[in-house]
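Model the full structure from these sequences, guided by the hints.
Residues in the sequence shown are numbered from 22 upward in steps of one, following this note's numbering.
Simulated from the structure, these hints should not be mistaken for laboratory data. Please read these numbers as outputs of a predicted model, since none were measured by experiment. Each hint should be verified, as a subset may be incorrect.
[As the list claims (entries may be wrong)] Dumping the calculated EDC-like pairs for lysine to aspartate or glutamate here, alpha-carbon to alpha-carbon at most 20 Å:
id	residue 1	residue 2
1	Lys-54	Glu-64
2	Lys-85	Glu-95
3	Lys-78	Glu-67
4	Lys-63	Glu-75
5	Lys-63	Asp-53
6	Lys-78	Glu-68
7	Lys-66	Asp-56
8	Lys-42	Asp-53
9	Lys-85	Asp-96
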Amino acid sequence: MPKGILHEILDVSKATLEYTKESIPLQNLMLDKQDLMLQTGKETKEEIVRLRQETGKSLDDEFKEIKKKPDSIEDALHRAGIQV
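Below you can see the structure in the form of C-alpha cells.
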C-alpha cells in the first residue's frame with residue numbers, strides 16, 4: 022500500500038479512537054440513568070404490590086365488620102321475638 026493511504030488509515034483510526042474515548046463517559050452516564058430508572062421502576066412496582074395487599078386486607082376487614090352488623094341486628098330482632 023502507498024504510504025499516503027497508510028497515513029490516512031492511521032489518522033482515521035486515531036480519530037475513531039478519540040471519538041470512542043470521548044463517548045465512553047457519555048455512555049456510562051446514560052447507563053447510570055437507566056439503572057436509576059430501573060431501580061425506580063422496581064421500587065414503584067413493589068410499592069404498588071404492597072398497597073394492593075394492604076388495601077385488600079383493609080377491605081376484607083371492613084367487609085367482615087359490615088357483615089357482622091346485619092347479623093347482630095338479626096340476632097337482636099330474634100331475641101326481641103321479631104321474625105326476620
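Tested hints:
Proximity of Lys-54 to Glu-64 is assessed by CA-CA distance (about 15 Å); at most 20 Å being required, the pair is judged to hold. With a CA separation close to 16 Å, the supplied pair Lys-85 and Glu-95 stays within the 20 Å bound. Straight-line distance between C-alpha atoms of Lys-78 and Glu-67 comes to about 17 Å, which keeps the hinted pair within the 20 Å bound. Proposed proximity of Lys-63 and Glu-75 is supported: the alpha carbons are some 18 Å apart, at most 20 Å.
With a C-alpha separation of about 15 Å, the suggested pair Lys-63 and Asp-53 falls inside the 20 Å cut-off, and the hint holds. With a CA separation close to 15 Å, the supplied pair Lys-78 and Glu-68 stays within the 20 Å bound. Using a Cα cut-off of 20 Å, the hinted pair Lys-66 and Asp-56 holds, with the two alpha carbons roughly 15 Å apart. Of the pairs offered as hints, the one joining Lys-42 and Asp-53 holds, with about 18 Å between alpha carbons and a cut-off of 20 Å not exceeded.
For the hint linking Lys-85 to Asp-96, the alpha-carbon distance of about 16 Å falls within 20 Å, and the restraint holds.
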